[in-house]
Amino acid sequence: MAASRPLPGNQDLSTLHAKLQGLLQFLRETLGISNAHTVDFYTESVWEQLIDLPPETVLKVLKKFTAEAEARPLKERPLVETARGAGITHFPKIFCETSQRLVSVEAFALAAKYYSIQNLGICMPFEQLLVALRGNQKQKTDENVKPQEFMNLKKSHEVQAMSELISSMADYYGIKQVIDLGSGKGYLSSYLSLKYGLKVYGIDSSNTNTHGAQERNRKLKKHWKVYHTQSKLDVSELALKMAKEKKMQGQNKNEEDIEGTCNNNPVNQEMMCTSAFLPDFSSSVISNIRTQMENLRVYSHQEGNLCFENAFSLTDLLPINAIESTSSSQIPKNKMSEENKGRRKTTSKSNESNIYSPLTSFITADSELHDIIKDLEDCLMVGLHTCGDLAPNTLRIFTSNSEIKGVCSVGCCYHLLSEEYENPHKEYTQEKWGFPMCHYLKEERWCCGRNARMSACLALERVAVGQGLPTESLFYRAVLQDIIKNCYGITKCDRHVGKIYSKSSSFLDYIRKSLKKLGLDESKLPEKTIMDYYEKYKPRMNELEAFNMLKVVLAPCIETLILLDRLCYLKEQEDVAWSALVKLFDPVQSPRCYAVIALKRQR
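Quick note, the sequence shown lines up with residues 1 to 603 if you use this note's numbering.
Keep in mind the hints are simulated off the structure, nothing from the lab.
Each hint should be verified, as a subset may be incorrect.
Estimated spans, in silico, between C-beta atoms of each pair [claimed, not checked]:
id	residue 1	residue 2	range
1	Gly-9	Ser-506	35 to 45 Å
2	Asp-366	Ser-505	46 to 56 Å
3	Asp-586	Arg-28	25 to 35 Å
Once the Cα atoms are required to be at most 25 Å apart in a straight line, the calculated SDA-like pairs of lysine to any residue come out as [claimed, not checked]:
id	residue 1	residue 2
4	Lys-503	Thr-38
5	Lys-517	Ser-505
6	Lys-485	Lys-517
7	Lys-485	Lys-432
8	Lys-155	Ser-505
9	Lys-485	Phe-507
10	Lys-499	Ser-523
11	Lys-485	Glu-443
12	Lys-426	Asn-451
13	Lys-432	Lys-536
14	Lys-63	Asp-12
15	Lys-516	Met-531
16	Lys-185	Ser-505
17	Lys-432	Ser-205
Note that the structure is a prediction, hence the values are computed from the model and not measured.
In this text, a Cβ means the ideal position worked out from N, Cα and C, and glycines have one as well.
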């Protein structure tokens, strides 16, 4: 195991509990907004129940707040001043004491911003963690590699950032094995294996994904080899250019000088035969080629013995005509054969140790890794946008397996999390839930609710106030719900309309297609009746727009609660030496940008 280096200090469990307490106080008052379903917006009179302001006022304030926040981030203002202005501890300033309806949009928005991950001070900078993990060592990178050639920009950004961190964690512990849970198409796994020489097991529940990942990994290796082959081609072109140089000294003297140089160079015995390959080249030519070869060897070593052949021979650096001029008497065939055999043997060992193996298995908190991975050893466990319960189960597997020394988990799909206290009167056989994980929230018997968790998936960083929201599609669906209730007597409908909006030419077309998909007789409603509903609710479309913006503003608070729950769970584990939340990605490119990271004690 690698030498221990101190990691950055971060907040202890009691400090996190204090932040959780304030966040819960705020969410108790605001969860009604997050849990309101826009489908029932008109049928349940959601605006009248929860908001005591006209929609124009809400939109105006939110637009102004967003503009000011962009110009002057909250972290630049004193938190005490912000707390007073937001009324964080005085909720009547945000909600009416008697009706519990929203009365101050600005206070609401400031409080929501205050309880975001960044402003609570619980998120560690990515660069700070990298420096701590590496110490004085510099990260080895290949500037020629362009992963965006074989993955989209968003995935390329995520894979590069996360693999850089994982590689640093692996170096910190001196381990080579990585387990990628929910590996999907295998982009992260392939990149870790190819670029950093790590032995990666990518586990996914979908057999289709596993087979697809195998084929994709084959193609990635092909792309990768092209990039590294280019470096050899560049040297070959250099040799051709230098071959035009006239010989300045006699051949015998050149050979004698070169032999002395090579004997003092321990890089490789193969280089001692350089002069024999180049009877017509000057010493300066040979010296330059040798320098290029040494650089390639050092470069190859720094890259961590990649999966494909990377042990360069001198013959790789020379043009064809130079090789052809070599006589069999100058280099014994049996000597070259043995050297080539040794090089191939070394490469073969490298190929065996630095591989990506896609596996198919459905992972739960109780999954036994030894049954899935036969050669399990000290390793890291990672997950890039692991869906629903897989993210918390990744942390549970990490804490229960001694072989797993570190974890890096970026979750997503919060709406698919199982909640222990969502239906308290219903009996379940399930013992381990996706939320909550930590003792503090379990004692509170805290429940977010599916709609609130769904709203946590909203990307605040990518949605400008009043822009980018699919208001019209939501409006169509809300009006459809009122039609179904009034004309068909259906108050609750379990069937989903799906993506009919994008296939519809008008509101009328949308309603008719939706009714047909729901199995309702659309001929029962004349065109005039349908359009009357449209005219009735069209003036109130801005209510839906304003309400959705309130949900967007709250979204980071729900995500903060879910991630704090996971961080507190890790802080509760005795074997975990260090844990933190890290902003791993640019939220504009990747809204689910926070990683939960933990390392065990080095023994």
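Cross-check of the supplied hints:
A C-beta distance of roughly 60 Å is found between Gly-9 and Ser-506, which places it outside the suggested range of 35 to 45 Å. With their beta carbons about 51 Å apart, Asp-366 and Ser-505 fall inside the hinted range of 46 to 56 Å. A hinted range of 25 to 35 Å holds for the C-beta pair Asp-586 and Arg-28, which are about 32 Å apart. Taking the CA atoms of Lys-503 and Thr-38, the gap is about 21 Å. The hint holds against a cut of 25 Å.
Of the pairs offered as hints, the one joining Lys-517 and Ser-505 holds, with about 16 Å between alpha carbons and a cut-off of 25 Å not exceeded. For the given pair, Lys-485 sits about 16 Å from Lys-517 by alpha-carbon distance, which is consistent with the 25 Å threshold. Distance hint between Lys-485 and Lys-432 is unfulfilled; the C-alpha atoms sit about 38 Å from each other, more than 25 Å. Between Lys-155 and Ser-505 the alpha-carbon distance is near 33 Å, which puts this suggested pair outside the 25 Å criterion.
Taking the CA atoms of Lys-485 and Phe-507, the gap is near 18 Å; set against the 25 Å cutoff, the hint holds. With a C-alpha separation of about 22 Å, the suggested pair Lys-499 and Ser-523 falls inside the 25 Å cut-off, and the hint holds. Between the alpha carbons of Lys-485 and Glu-443 the distance comes to roughly 40 Å, so the proposed pair goes past 25 Å and is violated. Restraint check for Lys-426 and Asn-451: satisfied, since their Cα atoms lie roughly 19 Å apart, inside the 25 Å limit.
Distance restraint check for Lys-432 and Lys-536: the Cα-Cα separation of roughly 48 Å exceeds the 25 Å cut-off, and the hinted pair is therefore not satisfied. Taking the CA atoms of Lys-63 and Asp-12, the gap is about 37 Å. The hint is violated against a cut of 25 Å. Taking the CA atoms of Lys-516 and Met-531, the gap is about 17 Å. The hint holds against a cut of 25 Å. Taking the CA atoms of Lys-185 and Ser-505, the gap is near 35 Å; set against the 25 Å cutoff, the hint is violated.
At most 25 Å may separate the alpha-carbon atoms for a hinted pair to count; Lys-432 and Ser-205 meet this at roughly 19 Å.
Consistency note: the structure conflicts with the earlier hints numbered 1, 7, 8, 11, 13, 14, 16.
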